[in-house]
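Chains as they are written, first to last, in my numbering: chain A, 1 to 196; chain B, 1001 to 1162.
Calculated directly from the structure, the hints in this document are not laboratory data. Where a beta carbon is used, it is the ideal one built from N, C-alpha and C, also for glycine. Where hints are given, some of them may not hold.
Claimed, not checked - Covered by chain A, according to a simulated footprint, are these stretches of chain B (three or more residues, beta-carbon under 8 Å):
#, region
1, 1026-1038
2, 1059-1065
3, 1153-1161
Said to hold, decoys possible - Below, computed lysine to aspartate or glutamate pairings styled on EDC-like, alpha-carbon distance capped at 20 Å:
#, chain 1, residue 1, chain 2, residue 2
4, B, Lys1066, B, Asp1041
5, B, Lys1162, A, Glu37
6, B, Lys1104, A, Glu144
7, A, Lys68, B, Glu1027
8, A, Lys48, B, Glu1160
9, B, Lys1162, A, Glu144
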Amino acid sequence: MTSAQLYRNASTAEEKQINEKVSANATSMKTMTCSFEQIKELSFLNDKSISKGLLFYKKPNKIRWEYKHPYSYIFIMNGEKVILQSENNKNEINLNSSKQFQQISKIILGGVSGNGLMDSSDFRIFFYTSNEDYKLQLQPLKKEIKSLFSQINLFVSKGDGSINKVEMIEKTGDKTIIRFLSMKRNIALNDEVFSH
Amino acid sequence: MKSFLINFFLLFLLSACSTDKALISGEPLSLPLWTTSLVQDSVMNTYQITLQIGEKHMTGICLLKKTGDKWNGSLINEFGIKAFDFTSDAGMTHLHHTVSFLDKWYIRKTIEQDLHYLFNIDATKTGNEKKRYIRRKSPTSFILVNRIHHIQYSFKRLPETK
Chain A
1 MTSAQLYRNA STAEEKQINE KVSANATSMK TMTCSFEQIK ELSFLNDKSI SKGLLFYKKP
61 NKIRWEYKHP YSYIFIMNGE KVILQSENNK NEINLNSSKQ FQQISKIILG GVSGNGLMDS
121 SDFRIFFYTS NEDYKLQLQP LKKEIKSLFS QINLFVSKGD GSINKVEMIE KTGDKTIIRF
181 LSMKRNIALN DEVFSH
Chain B
1001 MKSFLINFFL LFLLSACSTD KALISGEPLS LPLWTTSLVQ DSVMNTYQIT LQIGEKHMTG
1061 ICLLKKTGDK WNGSLINEFG IKAFDFTSDA GMTHLHHTVS FLDKWYIRKT IEQDLHYLFN
1121 IDATKTGNEK KRYIRRKSPT SFILVNRIHH IQYSFKRLPE TK
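Please model the entire structure based on the sequences and the hints provided.
Printed below as a string of structure tokens:
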């Protein structure tokens, strides 16, 4: 699966099918763990930053984003709380109720689970299909999101409707690609995973 | 302007209320700040960055490349979304590709001046701490304080894993 593969516009019937698959997956997914690869293309530095790690998700709003390589860094979102951990340092903070931060949080949670993006009025969604997967192109409609992204692409498995790649394209042209690998759904995840 | 800086990080990085009122800690600089423990030449260096503006804390990642006396970098949040790029040398520090809500001249100017002080501290060796100062916390971490706008930048280099 690559972004270079050939996509065509989905028909209305296919759009409905894609919507149903993603929604069904989002509804049925209570927990998820996977490894991830995050590629940040930095046009300004003429370089790429490639990070790898583990991701844990628990519905509705818990994420543990654990970078393993090239550095060790844990970032946990647990409702209104965020925990940051690197080496022996741990920093626990409470989120402000910022509308704009909530937008980012919604996009990240939506990118992982599919929840809240498909039925969102924040985006105009274009549906594409290929032999391998579906591509959902999200064009921001709201000012807060437009100021960050020109486009967000979600790549959806034809099998179970899970999102296995997210591309976030910024206004500057910089791109962040996050691939979700070896996904395991609905396994038991203790709340402690999201507390330290 | 302080409110604009706060708004920036509310939108972009994560922010938090803090009860920690301490402003100054760490060792004053008697030796160069930018040792090889803190930055490697010509490669990507990664730092966890925390900002404190008033009582608010914010976090993000700073990616930095140093080539001789020239510094290039990007400030992004934990998910990779960029706030701005920057360049710095002995003469000038500039922000580039600044995200729109931060793209106000007075915000750019404050950050540019703070970064210019930071990246040129070893060359200028200024003892004047009236406006800004730096305190070393460890060989791989330090704090920069802007005394005028009460902004504290904490940098911690993230060591590469094997």
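Report the numbers of all earlier hints that the structure fails to satisfy, in ascending order. Per hint list: 1, 7, 9 violated.
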